[in-house]
Amino acid sequence: MSIVIEPPRSSKPKRTNWEKYGWMYMRASGVLLVILIFGHLFTNLWLGEGIKAIDFAFVGGKWSDPFWQVWDLLMLWLALIHGTNGMRTIVNDYAERVAVRKTLTYVLWATCAALIVLGTLVIFTFDPCPANGTIENLPSFCPAK
Amino acid sequence: MPSKPAGTLYRGKVGMWSWVLHRITGVAIFFFLLVHVLDTSLVRLSPEAYDAVIATYKTPLIGVAELGLVAAILFHALNGIRVILIDFWGKGAKYQNLMFWIVVVVAFVIFAAFAPRHLMHVFHLG
Ligand code: HEM
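Protein chains in written order, with the numbering used here: chain Z, 1 to 145; chain D, 1 to 126.
A portion of the hints provided could be inaccurate.
[To be verified] 30 Å max Cα-Cα, derived DSS-like pairs, lysine-lysine:
1. K20/Z with K13/D
2. K4/D with K94/D
3. K20/Z with K94/D
4. K58/D with K52/Z
5. K58/D with K62/Z
[Stated by the list, open to error] Reference excerpt, derived from the structure (chain D facing chain Z, CB under 8 Å, subset only):
6. V27
7. L33
8. S46
9. P47
10. Y50
11. K58
12. V70
13. I81
14. R117
[Said to hold, decoys possible] Which chain D residues stay away from chain Z? Per the calculated CB distances, all over 12 Å, these:
15. S3
16. K4
17. T8
18. V14
19. W17
20. S18
21. K91
22. Q96
23. N97
24. F108
Since the hints were derived computationally from the structure, they do not count as laboratory data.
No residue lacks a Cβ here, since even glycine has one placed at the ideal position from N, Cα and C.
Please build the complete structure, drawing on both the sequences and the hints.
Okay, here's the thing in structure tokens:
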């Protein structure tokens, strides 16, 4: 049995044309991701000491600022959905058996949802000065310091 | 003997190879992102757990592999803009070939600026 993929640009769809919205989402999220990811790489890998400076205290400092919490939250959601939908397209291209395609597509979206929930919880329930931290690993603004 | 297909606008040319590269880089970035969300989530566990895992990102082997990741992101992002321009800009299709080479040059210039600085950090020089 072959797989039916709706043409994204068909003019009068009978039902909601999800392929069309997927196609538009890839482009809209792509534009935003250029800004989000280039900004992420610039602050984390270019400024200061780059990769050398990345540790718990660095992340603690960034996520004490709502600006970076929102930045990373947007990047998390947009990139995971963009990447997962892109992988779904690739699965549609190569998985010829319906059961294989359905299973892979299900695994992709389940993984995507799990990581979005995990990442979102981490960004908002994160404590930059946890009681279980050795003092020298904590950011400089922690009272324990 | 099947004969070679006659020349087309797409096959074996910039249109096809940019698509192949876009697809391969997209898959590579996707799998890195899965790992990256997990390693970052360790901040929620303990500072020690996070610092221990992030230390692997600073080893020479992974440090050099990060250059490959940055190169993949540069190509995918810039070629993604090219794809969007082909779709929405009236002259996009006409200039797709030129835009591909602009993507390659811009990606290379940013990469050439980034690589030495990153290697300096990975190998503790300066
Ligand atoms: C940096 C900004 C990015 C831009 C501008 C961008 C742009 C695009 C565009 C326009 C497409 C659709 C191509 C088409 O329909 O022919 C696409 C596909 C794709 N993208 Fe991205 N993307 C970006 C980041 C990412 C990230 C972070 C990931 C991984 C998590 C990713 C993974 C993919 C995958 C797997 C595909 C499907 C490729 C295919 O069908 O051959 N992209 N990207």
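For each hint, the structure was consulted:
1. Taken as a hint, the K20/Z and K13/D pair is honoured in the structure, with Cα atoms around 27 Å apart against an allowance of 30 Å.
2. Between the alpha carbons of K4/D and K94/D the distance comes to roughly 26 Å, so the proposed pair stays at or under 30 Å and holds.
3. Under the criterion of a C-alpha separation no larger than 30 Å, the hint pairing K20/Z with K94/D is consistent with the structure, at around 24 Å.
4. At most 30 Å may separate the alpha-carbon atoms for a hinted pair to count; K58/D and K52/Z meet this at roughly 7 Å.
5. With a CA separation close to 20 Å, the supplied pair K58/D and K62/Z stays within the 30 Å bound.
6. For V27/D, the interface hint holds, the least distance from its beta-carbon to any beta-carbon of chain Z being 7 Å, beneath 8 Å.
7. For L33/D, the interface hint holds, since its Cβ comes within 8 Å of a Cβ in chain Z; the closest pair sits about 6 Å apart.
8. With 8 Å as the threshold, the beta carbon of S46/D comes within range of chain Z, its nearest partner Cβ sitting at about 5 Å, so the hint holds.
9. Interface hint at P47/D: satisfied, since its Cβ lies 4 Å from the closest Cβ of chain Z, which is below the 8 Å cut-off.
10. Hint status for Y50/D relative to chain Z: holds, with the closest Cβ pair at about 5 Å, below 8 Å.
11. A least Cβ separation of about 6 Å between K58/D and chain Z falls short of the 8 Å threshold, and the interface hint therefore holds.
12. With a cut of 8 Å, the hint placing V70/D at the interface with chain Z holds, because the nearest CB-to-CB distance is about 7 Å.
13. Hint status for I81/D: holds, given a least beta-carbon distance of 7 Å to chain Z, under 8 Å.
14. A cut of 8 Å between beta carbons decides the hint on R117/D: the least distance to chain Z is about 7 Å, and the hint holds.
15. Even its closest Cβ contact with chain Z, about 26 Å, leaves S3/D beyond 12 Å, as expected for a residue assigned away from the interface.
16. With 12 Å as the threshold on Cβ separation, the claim that K4/D sits away from chain Z holds: the shortest Cβ distance comes to roughly 24 Å.
17. Here T8/D stays apart from chain Z, with its beta-carbon at least about 19 Å from theirs, past the 12 Å limit.
18. Interface exclusion of V14/D from chain Z stands, the closest Cβ pair being 20 Å apart, more than 12 Å.
19. Listed as outside the interface, W17/D is consistent with that label: its C-beta sits roughly 17 Å from the nearest C-beta of chain Z, beyond the 12 Å cut-off.
20. Separation of S18/D from chain Z is adequate, the least Cβ-Cβ distance of about 15 Å exceeding the 12 Å criterion.
21. Against chain Z, the non-interface label of K91/D holds: every CB pair exceeds 12 Å, the least being about 18 Å.
22. For Q96/D, the requirement that its beta carbon stay farther than 12 Å from each beta carbon of chain Z is met, with the minimum near 16 Å.
23. N97/D, annotated as away from the interface, keeps every beta carbon of chain Z farther than 12 Å; the closest lies near 21 Å.
24. In this structure F108/D is separated from chain Z by more than 12 Å, as the shortest Cβ-Cβ distance comes to about 16 Å.
No hint from the list above goes unmet by this structure.
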